[in-house]
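A.B. asks: Residue strings, one per chain:
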Amino acid sequence: METVAKKSSAIKEFIRSIPINKIGVKDLLNFEKSPLNLFLAALTLVFLGLFVVGVLIYLLHGHHAYNVTREHPWGLLIAVYIFFVVSSTGLCIVGSLGDVFGFKDYMAISKRAIFGSIVTIVAGFAVIAFEIGHPVTMMIYNVLTPGLTSAIWWMGTLYGLYLTFMVIEFVFLLKNDMKSAKIFGLVGLLVGLAAHSNLGGVFGFLNARTISNGVFYPTYFILTAFITGVFIAYIMMGFRYKLSFSKEIQTMLNGLAKIQALLISILIFFVTWKFLTDVYGGMPNRAEVAVHILGSWTFWAEVILAMLIPLVIILASKASAYRAIFFASLSGMVGIFFMRYNLVHDTQLKPLQEMKIREYQLTPEWVHYFPSATEIMISLGGLGLCLTLYYVGTKLFSLDSDHH
Amino acid sequence: MANYVMVLDYKNCINCKACEIACKEENGILLGADKHRIWVGSNNPKGEWPNLDIVSASFLPSQCQQCENAPCEDVCPTHATYYDENGVVQVDSDKCILCSYCMVACPYDARYVDDRTTTVDKCTFCSDTRLARGEVTTACQNTCPTKVRTFGDIDDPDSEVSELLRTREHFSLKSNLGTKPKLFYLT
Numbered sequence: 001m002e003t004v005a006k007k008s009s010a011i012k013e014f015i016r017s018i019p020i021n022k023i024g025v026k027d028l029l030n031f032e033k034s035p036l037n038l039f040l041a042a043l044t045l046v047f048l049g050l051f052v053v054g055v056l057i058y059l060l061h062g063h064h065a066y067n068v069t070r071e072h073p074w075g076l077l078i079a080v081y082i083f084f085v086v087s088s089t090g091l092c093i094v095g096s097l098g099d100v101f102g103f104k105d106y107m108a109i110s111k112r113a114i115f116g117s118i119v120t121i122v123a124g125f126a127v128i129a130f131e132i133g134h135p136v137t138m139m140i141y142n143v144l145t146p147g148l149t150s151a152i153w154w155m156g157t158l159y160g161l162y163l164t165f166m167v168i169e170f171v172f173l174l175k176n177d178m179k180s181a182k183i184f185g186l187v188g189l190l191v192g193l194a195a196h197s198n199l200g201g202v203f204g205f206l207n208a209r210t211i212s213n214g215v216f217y218p219t220y221f222i223l224t225a226f227i228t229g230v231f232i233a234y235i236m237m238g239f240r241y242k243l244s245f246s247k248e249i250q251t252m253l254n255g256l257a258k259i260q261a262l263l264i265s266i267l268i269f270f271v272t273w274k275f276l277t278d279v280y281g282g283m284p285n286r287a288e289v290a291v292h293i294l295g296s297w298t299f300w301a302e303v304i305l306a307m308l309i310p311l312v313i314i315l316a317s318k319a320s321a322y323r324a325i326f327f328a329s330l331s332g333m334v335g336i337f338f339m340r341y342n343l344v345h346d347t348q349l350k351p352l353q354e355m356k357i358r359e360y361q362l363t364p365e366w367v368h369y370f371p372s373a374t375e376i377m378i379s380l381g382g383l384g385l386c387l388t389l390y391y392v393g394t395k396l397f398s399l400d401s402d403h404h
Numbered sequence: 405m406a407n408y409v410m411v412l413d414y415k416n417c418i419n420c421k422a423c424e425i426a427c428k429e430e431n432g433i434l435l436g437a438d439k440h441r442i443w444v445g446s447n448n449p450k451g452e453w454p455n456l457d458i459v460s461a462s463f464l465p466s467q468c469q470q471c472e473n474a475p476c477e478d479v480c481p482t483h484a485t486y487y488d489e490n491g492v493v494q495v496d497s498d499k500c501i502l503c504s505y506c507m508v509a510c511p512y513d514a515r516y517v518d519d520r521t522t523t524v525d526k527c528t529f530c531s532d533t534r535l536a537r538g539e540v541t542t543a544c545q546n547t548c549p550t551k552v553r554t555f556g557d558i559d560d561p562d563s564e565v566s567e568l569l570r571t572r573e574h575f576s577l578k579s580n581l582g583t584k585p586k587l588f589y590l591t
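Chains as they are written, first to last, in the numbering used here: chain A, 1 to 404; chain B, 405 to 591.
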């Protein structure tokens, strides 16, 4: 009994010793009232309002509130979930550069990136909770009757573990216990990479969907996660230092931009070869889908916003036009959203029912989908939630490394 | 324990869709064009009048292929999709979380969301209805005016399905995917 009491008091003491700023509502409203800040605050509130409305409509109408169909069962919310968890994994990778791998130049963003990885995955979970039809059943039967051959099971379970490790790592970072942070950070990173490649595997295992089947997505997901992490790192730093960076931060941003140029180049190489093999490989159900994708504006939005604009700006400025790269990173994140949307939609483009099954119908050619207002509201709500949690975090915790 | 399969003499199909109606009636499937366990597929006839290619517009009745190596079973995160003792692929609606992964993974578009349970539903060879009552035919088979479908136990060498598969040439749909369907089409 005595040892249990001792242990519980030790845990209480540990939690009490985590440096957290005591804040109230007044502190949350205490920010520089510049037009941009006010606009962002209003936008975030609107997004949160849309989230509430969207969720209410979903609770009333279920999946009928979404434009998902038998032929296109995965819609915008799956894409947005992927968007958030990719961001989380990316931030985890960027955060690990300093505190796990010991690259001193990147220590300045470690705490902020790890906190960002927690916030983004929480936003992702909040969105997916309203896409999965029975989230409570999921938590019960994921444990009682686990489907070990299912990539979704591995992805969900590993992401749950990953979140736990990220929280523990963040606590140790706050306590400035770098040794423990390094251990939990490394384990969290490995679990996160496993989870994320399993998310790619969710698509890669689909042998009926030849456009997605194969090893491409599980590896591509890790690459694009790193790219997304660097984009968000730039955005975080841009807002934190109002685009006026100290020498130390400039060194970090210069390094990150160089890494980003390399990563985007590799991505362009990968995507080019994917389409070359898809189109010229001539495999039925893959070649025509690839040609169809090349003709869609969303694909080119992905290429221009997430690949070409950031790469050209980084290369043209030799990775030192930090302000321009900040704006290129904003463009990059819009491109990354399209990347996720395309991934989900393109997988389902080709109808598997290849014959017409109703009278007065033509033989199905392509599956069409456009998100419903409810799907859009919940998705924007996820972004609002993410921004709110991040903002509250900046008030609650000291996220800069120079406080050490 | 049986190993149920279905053999379809599909060239006899006249696209009357009586099987679709019988399935809905027997299994209480909700109304609505996208709420269906089985279907009859057809193609638009190719060619120009009067040289229409009528062979190109033949009918192909279909449903869940009850794959022996079912992608939907592999991808289910909670084992809601399982093989029953007769080798029929079933969905346990208590365990289904409606992640829709099985709908994306099924190569035959054989799954849909049942609004009564808000879970995924599919053809079960009438396991919960006719087979549960001790009958040995499915609703679609029973109602077919041109005797397209034959249903039975392939492990029984004297069954009609075994006889048909021994004596008639047949094929399976999308067999290149390795799903080992248990619906066989006679040529």
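Read the hints as simulated data drawn from the structure, not as lab findings.
Please read these numbers as outputs of a predicted model, since none were measured by experiment.
You may find that some hints are simply not true.
[To be verified] Footprint (simulated), chain A over chain B, 3 or more residues, beta carbon under 8 angstroms:
| id | segment |
| --- | --- |
| 1 | 443-451 |
| 2 | 479-486 |
| 3 | 499-510 |
| 4 | 516-522 |
| 5 | 532-545 |
All C-beta atoms, glycine included, are put in the ideal place defined by N, C-alpha and C.
A.B. asks: Please verify the coverage claim for the segment 443-451 of chain B: does it have three or more residues whose C-beta sits within 8 angstroms of some C-beta in chain A?
C.D. replies: holds (count 6)
A.B. asks: Three residues minimum, CB to CB under 8 angstroms: does the segment 479-486 of chain B make the cut for coverage by chain A? Let me know.
C.D. replies: It holds: at least three residues are needed, and the segment 479-486 of chain B offers 6 whose Cβ sits within less than 8 angstroms of chain A.
A.B. asks: Can you tell me if the segment 516-522 of chain B counts as covered by chain A, using C-beta to C-beta distances under 8 angstroms and a minimum of three residues?
C.D. replies: holds (count 3)
A.B. asks: Counting residues of the segment 499-510 of chain B that have a beta-carbon nearer than 8 angstroms to any beta-carbon of chain A, does the count reach 3?
C.D. replies: holds (count 11)
A.B. asks: Please verify the coverage claim for the segment 532-545 of chain B: does it have three or more residues whose C-beta sits within 8 angstroms of some C-beta in chain A?
C.D. replies: With 0 residues closer than 8 angstroms to chain A, the segment 532-545 of chain B misses the three-residue bar; violated.
The structure fails hint 5 only (numbered hints given earlier).
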